[in-house]
Amino acid sequence: MNQDTIRTAVRERYGQIAESETGCCAPGCCGGAEATGISTAVGYSQDELDQVPAGADLGLGSGNPVQSAGLQPGEVVVDLGAGAGIDCFLAAKKVGATGRVIGVDMTPQMVERARKNAAEAGVTNVEFRLGEIEALPVADGTADVVISNCVINLSPDRERVLAEAYRVLKPGGRLVISDLVSDGPAPSILRDNAEVVCACLPVEGREYRSDLERAGFGEYRVLEERTYPLEDLSTHAVAQTIVVDDPAVAEAIASFVGSVKGAVMSAVKPA
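If you read the sequence shown in my numbering, its first letter stands for residue 11, the second for the next number, and so on.
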């Protein structure tokens, strides 16, 4: 699949999610769990979920980057792939009235939903911008902190996304991202399936570190890892279609899925 095909498929899929009440990074792979249950499983406390506007939590995260970001009053935060705004609203509380949060998402329906959530909740130190994370509508050196939650894996050009994060950070600024990672590379048969790619196909953990270092970041750290609440993908209808009757493929997929974790990672733009 080429980059435009992936980007169009992702935009359409998350537009549909924004217009519905469903969530989850991989519909059909979450055992029917509610968004709140998924968010709690990946690291959000019930108190945090109670703080965000109704409709902001779609259960699309793989961790809780705001909890690990050490946000301070007055800081400027940029959220890559803000969705309905859950992390933006949590960040807005931490940076306070003197701080600012900018959420960027390429899906018009998500931006509309996030703006509605902000207006209804009366949150004034957050704004949502329509744009692609490979070309952020944010000026150079704007942010003290860039965050992202289970979104960068969706991009067909991860290196460009990280270069953009580097560009919009101030010198000494920090990047805190949560994403799905695996111990090894995804089997090619999964990488070539559009539905799997649109459901946050995990990236090998060491690839993430290499990409960050190439973008210029230093001080890479894995702050947290936890099992993502997936059913065994080998029993999922998509996997069954892929596997057919090939035991070797089934074994490879099961091994890969068994190594998937939600990881919160940080890095710093040198001062």
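Keep in mind that the hints were calculated from the coordinates and are not lab data. Among the hints, erroneous ones may be present.
[To be verified] No farther apart than 30 Å at their CA atoms in a straight line, the calculated lysine-lysine pairs in the DSSO-like style are these:
#1 Lys271 - Lys104
#2 Lys126 - Lys103
#3 Lys271 - Lys103
#4 Lys180 - Lys103
#5 Lys126 - Lys104
#6 Lys104 - Lys180
Status of the hints after comparison with the structure:
no.	hint	verdict
1	Lys271 - Lys104	holds, 27 Å
2	Lys126 - Lys103	holds, 18 Å
3	Lys271 - Lys103	holds, 28 Å
4	Lys180 - Lys103	holds, 21 Å
5	Lys126 - Lys104	holds, 21 Å
6	Lys104 - Lys180	holds, 19 Å
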